[in-house]
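Residue numbers (the working numbering), protein chains in the order written: chain V, 4 to 436; chain S, 308 to 1091.
Hints listed in this document are in silico derivations from the structure and should not be mistaken for laboratory results.
Just to be clear, a hint being listed does not mean it is correct.
To be verified - Okay, the calculated beta carbon distance ranges per label pair:
| id | chain 1 | residue 1 | chain 2 | residue 2 | range |
| --- | --- | --- | --- | --- | --- |
| 1 | V | R358 | S | G798 | 32 to 40 Å |
| 2 | S | R521 | V | R84 | 33 to 41 Å |
| 3 | S | A356 | V | D210 | 41 to 49 Å |
| 4 | S | K460 | V | G184 | 21 to 29 Å |
| 5 | V | L408 | S | K822 | 50 to 58 Å |
| 6 | S | K822 | V | L413 | 51 to 59 Å |
What the hints assert, rightly or not - Here are the simulated lysine-lysine pairs, DSSO-like style, with alpha carbons at most 30 Å apart:
| id | chain 1 | residue 1 | chain 2 | residue 2 |
| --- | --- | --- | --- | --- |
| 7 | V | K107 | V | K388 |
| 8 | S | K590 | S | K381 |
| 9 | V | K11 | S | K381 |
| 10 | V | K405 | V | K435 |
| 11 | S | K860 | S | K906 |
| 12 | S | K1043 | V | K193 |
| 13 | S | K865 | V | K11 |
| 14 | V | K357 | V | K374 |
| 15 | V | K11 | S | K656 |
| 16 | S | K656 | S | K564 |
| 17 | V | K11 | S | K540 |
| 18 | V | K193 | S | K860 |
| 19 | S | K822 | S | K778 |
| 20 | V | K388 | V | K422 |
| 21 | S | K859 | S | K944 |
| 22 | S | K442 | V | K193 |
To be verified - Residues of chain S placed beyond 12 Å of chain V at every Cβ, according to the derived structure:
| id | residue |
| --- | --- |
| 23 | R353 |
| 24 | P478 |
| 25 | K482 |
| 26 | K749 |
| 27 | F753 |
| 28 | G779 |
| 29 | G892 |
Virtual Cβ for every residue (Gly too), placed ideally from N, Cα, C.
Residue-level listing of the chains:
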Amino acid sequence: MTGGEVIKRLGRLTGSEKQPETGGAPGDRAQETSDLRRRIEAIMNRRPEPRQPQAVLDQAPGDPVEGVEMIAQGGAFLFVRREFPLSERHGGKPLAELLGLNMKGAALLAGDRRLADYDVRDALFLDTETTGLSGGAGTLAFLIGLGFLQKDTFVVNQLFLRDFSEEKAALRYLADVAGAGRFLVSYNGKAFDANLLAGRFVVNRLDNPLLSLPHLDLLFPARRLCGRLKDARLATLEREVCRFHRPGDLPAQEIPGRYFSWLRRRDPALIGDIFRHNLLDVLSLAALTVGLAGLIGSDKDRGDHPPGDLLAAARLLSCRGELKAAGAICAGLRDCGNRAVRQESRRLLSLLLKRQGELPQAVSLWEEMIKEDPDDRFAALELAKWYEHRRGDCGAALDLVKRMLGNCALSDREEAPLKHRLRRLQGRLERKK
Amino acid sequence: MTRLTLGEWLARLQNRRRFMENVRAWVRTPPFEGRLADFPPGIPDRLAALFGRRGITRLYSHQARAIGLIREGKDTLIATPTASGKTLCYNLPVLEAILEDPASRALYLFPTKALAQDQREEFQSLIGDLKEDIKSHTYDGDTPDDARQAIRKQAQVVITNPDMLHTGILPHHPKWQKLFSNLKYVVIDELHVYRGVFGSHLANVIRRLVRICRFYGRDPVFICSSATIANPKEHGERLLGRRVELVSESGAPAAAKTVILINPPLVNRELGIRQSPLTVARKLASELIENGVQTIVFATSRLNVEVLTRYLKDRFPGRPIQDRFVSGYRGGYLPNLRREIEEGLREGKVMGVVSTNALELGIDIGKLEASILAGYPGTIAGTWQQAGRAGRRSGESVAILIAKSLPLDQFVVENPDYFFAASPEHCRINPDNLLILLHHIKSAAFELPFERGESFGGENLEELLGYLEEKGILHRVTDRWHWSAESYPAGEVSLRSVNPENVVVIDATETGNPKTIAEVDWDSAFTAVHEGAIYLLDSETYHVDRLELERKKAYVRKVAADYYTDAMTYTNVRVIDGFESRTEGEVIVEHGEVQVVSKVVGYKKIKFYTSENLGYGEVNLPEKDLHTTSYWFTVPKPLLDGIALTRAEIVDALSGLAYSLHHLAAVILMADLHDLDRAIGDKSGRWFVRYDQRQRQIVTNPVGGGPVGEDAFDPTIFLFDAYPGGIGFSGLLYLKHAYLLASARRLIASCPCEVGCPACVGPTLEVGTKAKEGALSILERLDR
């Protein structure tokens, strides 16, 4: 098959190419072009031309942002380092708060006890920008943002692939800094960033150092702690939790397209927004970690959290087995002005007390709840169970169940177990007689 | 009533004079004892013992040979008849490898999910017997998300289908590092299924698989199995892109089998119309089922499956319609229903099943005694596969082929010697079909960047990479081409049909309670669920109220219709590029690239049982566009001048000629009839034939448009590959032009009908009553 012939056939099959209008096979045209190119090159070569100086280390021409060319083993990539004094704020959060990151809280958020033994200076905040959002071997991370504390500054290093060929060097660099002793913090990184990088390490035949690091992925705890928000996107959380606003941010779905354009046109303007977007993501990640860890890990500093978040924190703590801490939060909310939160926190508290064997306290709480709201089915049911199983007072239990069934606003799902209980209690009372 | 055994029934049948008049062949093949061989030396004792416990103390000769080759590391293809123990040929070496090194991995490919499930159960029971912790899993669209990660890491045998390999595994190969880094065997079962477009795709998926394995430093051994086809070695080698060792001499014993070929009686000698094979099949199947002989009936279309199922259900009244004593079975049925029917067949609750070729493959439905083929399945290989459904293991069995009034069927039953001696078909693929190839180059680039000097397929790879680079899909850095688009290329094309979209059929009989009852593929949707069509499902009739192509939904309503519908299409061909051209007599014969535009314009209503034509309806659907390769020849106008027929009659004659050429081409190429299509027009696509109620005419526009002028009339008959880009038939037909025309002349001239029939020039309803005469006149003039 001669050159150009395959493409000609292809054009017809795909319908992308119309029939050649007049004369001249496409092959001729290709011939023409290359003739043209040869002639231009010949003319240019006759002139003694000062050779362009090799790109200097800092800011090679065409580099999208100010940075240095980092030469790692077997290759180079663009390296941008930003330092933020801890005196600065990210939205409403002073960066200095990072120093006080509650590691016990971080461990609870991650559900990984190992984290409690780490220091905040071991944290590596990771966020990547990628060539696609659907994953697969053909998607890579072209910008890797890494945040960490160093002396009195928060440093964000950004590793940028000016081209695909720079990936291996950047991954090697990442492997070096993500060595032992670190832990990762990300937002949805388990499913996305770290997952995607794992594939990239395989494709580049490198060992994946991230695999062995403890990983605090804030997405899961954020979903549980901030369920009141309309969604659990990082942008929503940074606004609501860190009071940080970023107008004019680049929508995530535009990022791959921008990078592909950059590869073709090398226009720095295309890429500056992506650096900014990534930088802010890393900063927000750090601030959010402090906020969420504080919410769950410390006994103080809870004053400014909305009661709903506190209740969510209590739930998460209870899931992680921190019954005392969860109970303490609930106790603080039992007289809260918000009715739903008040009711929910009392319920949770009563269950926590029950699990800890503090039955008398739980019972008085249920009685208090019924006193306040005679239709409180939760409290009535718990109390009925207690009468039946602990006190052996089937009569009192039966009264409670009858009262609940007398309430007409029961769904089928609520009613069936109650009726079952009713029959059982009646049976037991029969037998006693 | 005393029940007859199958043997007794056959004996009685032979005494029915009227029946035997229609029998063209009655062949009883004696049982074959089989040839046994010992397990090859070195097979671990516990494996031999494992099969020993299942009654396999020695192997069939072909199994021993195949296992020997596989253990030497040779890529091996086993092409032996149905139920000759092919599964053992790969399960044994795979188990041996895993027992020796538990890190070893194997990948099994089956054409359908149902087969994969079947095979997994079989493999699991072997493992259970071995009492070893070997993990085999199916991995397909039904695999739950939370199980996927564990399967990727732990499964030693991954059982999947080509589609999943294409879209779900290869594009995510880093996640499958464990599998690919330890892959020892790749098993591909039912290799003969992978022909045409599907096969051309699979060949490319294999290219990608081999490329990925190379990246992980592996060169797995391929083990393939196939039904008996004419060119197993060639097909296997083309599909795998490497040399294979062929094992084709079966040592498996075979039960006695009676094969009967029937040509139904002529019911209308003038029109050459024979009794419908469905009628004959219904009578025979009813008798067999009454006698307690479990029977499968193969029909050649989904429609016929439904019609026949309904007939048989009517025949066994008193059983509720939901009862599956007799059941249909075809592709559009939802999986649960299919599982239920398969189980019913195994347990003997379903005594009669009417199926399309969906049951031709190795789905385990147990032993059936009788197989009735209502119409020639289109290929000799397919015929033996379907016939093999009866008496797979032992005992007496019967297979009955009933011919339709179609040239292929007639040819087969009227030439039984040819049929019994003929080699089955060739499987043809064209892995370098540009569109298919390009698609997989994209997918491969997504999986790993291409390096300069790499090869992939038979075309100039660098030029294609350059093309994709120009389109901005690939990005080149020095000598590597990287994927540089956001899309996920493997998701863009389905391996099985050109358009991956399915249309779901929704039963909206009850308002407010719509139910999905079936799916039809995109191309079939145009003819099966257009507005006004009667859609048949498990012998219920549904009227299609609305077809929403954009949303891929067809809304139907249950009705009690006494008719079904048959869609009418028009086709228009335009030549884009001629590859070769020559003149034979005054006729210009050519082959090359064409653009085919087709459109469904209406439908006929046909009454159940009587096949009476009840009327017509119009359909308004978009055109479909196909670029493919074609063979064609042009008849110059002066040649037709001497024929004493009107313009419309000449068009009919050409239609009739095209009809017989199309059918004969399928025989000559040993291809499926549906791999080819035909059209009449002129080379420039300025006019084409419009079919309406009464006559055929050539017009310039399918909807309005008047007849074209006298001078524009140089008719051309096209036979084209029914796939985008072509599958390579047209070049062969170009070479066989003279033979093709001579065969057509013999067929038409020797046909006993008076004015044309479906066995020569097509039904008179479609081509009128002058087509036979006209076609012969044209052929005579072409021969001068």
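Going down the list of hints, with the structure as the test:
In this structure the supplied range 32 to 40 Å is violated for V:R358 paired with S:G798, their Cβ-Cβ distance being about 48 Å. Taking the beta carbon of each, S:R521 and V:R84 are about 40 Å apart, inside 33 to 41 Å as hinted. In this structure the hint that S:A356 and V:D210 lie 41 to 49 Å apart at CB holds, the actual value being about 43 Å. In this structure the supplied range 21 to 29 Å holds for S:K460 paired with V:G184, their Cβ-Cβ distance being about 27 Å.
For V:L408 and S:K822, the Cβ-Cβ distance of about 38 Å falls outside the hinted range of 50 to 58 Å, so the restraint is violated. Between S:K822 and V:L413 the C-beta distance comes to about 32 Å, which lies outside the given range of 51 to 59 Å. Our distance criterion of 30 Å between C-alpha atoms is broken by V:K107 and V:K388, whose separation comes to about 36 Å. Using a Cα cut-off of 30 Å, the hinted pair S:K590 and S:K381 is violated, with the two alpha carbons roughly 50 Å apart.
Distance check on the hinted pair: V:K11 and S:K381 sit about 40 Å apart at the alpha-carbon level, beyond 30 Å; violated. The straight-line distance between the Cα atoms of V:K405 and V:K435 is roughly 19 Å, inside the 30 Å bound, and the hint therefore holds. Between S:K860 and S:K906, the direct Cα distance comes to roughly 19 Å. Compliance with the 30 Å bound is thereby established for this hinted pair. Note on S:K1043 and V:K193: the hinted pairing is violated, with a Cα-Cα distance of about 62 Å set against a maximum of 30 Å.
Only pairs whose Cα atoms come within 30 Å are accepted, and S:K865 paired with V:K11 is rejected, the gap being roughly 50 Å. A hinted pair counts as satisfied when its Cα atoms are at most 30 Å apart, and V:K357 with V:K374 qualifies at roughly 19 Å. Our distance criterion of 30 Å between C-alpha atoms is broken by V:K11 and S:K656, whose separation comes to about 59 Å. As the CA atoms of S:K656 and S:K564 are separated by approximately 24 Å, the hinted pair is consistent with the 30 Å bound.
For the hint linking V:K11 to S:K540, the alpha-carbon distance of about 33 Å lies beyond 30 Å, and the restraint is violated. At most 30 Å may separate the alpha-carbon atoms for a hinted pair to count; V:K193 and S:K860 exceed this at roughly 38 Å. Using a Cα cut-off of 30 Å, the hinted pair S:K822 and S:K778 is violated, with the two alpha carbons roughly 43 Å apart. For the given pair, V:K388 sits about 14 Å from V:K422 by alpha-carbon distance, which is consistent with the 30 Å threshold.
Restraint check for S:K859 and S:K944: not satisfied, since their Cα atoms lie roughly 45 Å apart, outside the 30 Å limit. Our distance criterion of 30 Å between C-alpha atoms is met by S:K442 and V:K193, whose separation comes to about 27 Å. No Cβ of chain V comes within 12 Å of the Cβ of S:R353; the nearest lies about 36 Å off, and the non-interface call holds. Against chain V, the non-interface label of S:P478 is violated: not every CB pair exceeds 12 Å, the least being about 4 Å.
Not every C-beta of chain V lies more than 12 Å from that of S:K482, the closest at about 7 Å, which undercuts listing it as non-interface. Separation of S:K749 from chain V is inadequate, the least Cβ-Cβ distance of about 9 Å not exceeding the 12 Å criterion. The claim that S:F753 is not at the interface with chain V is violated, since a C-beta of that chain comes within 12 Å of its own (minimum 3 Å). With a least CB separation of 7 Å from chain V, S:G779 falls inside the 12 Å interface cut-off, contrary to its annotation.
Distance check on S:G892: its Cβ is at least 31 Å (rounded) from any Cβ of chain V, clearing the 12 Å threshold; non-interface status holds.
Hint compliance for this structure: hints 1, 5, 6, 7, 8, 9, 12, 13, 15, 17, 18, 19, 21, 24, 25, 26, 27 and 28 are not met, and every other hint is.
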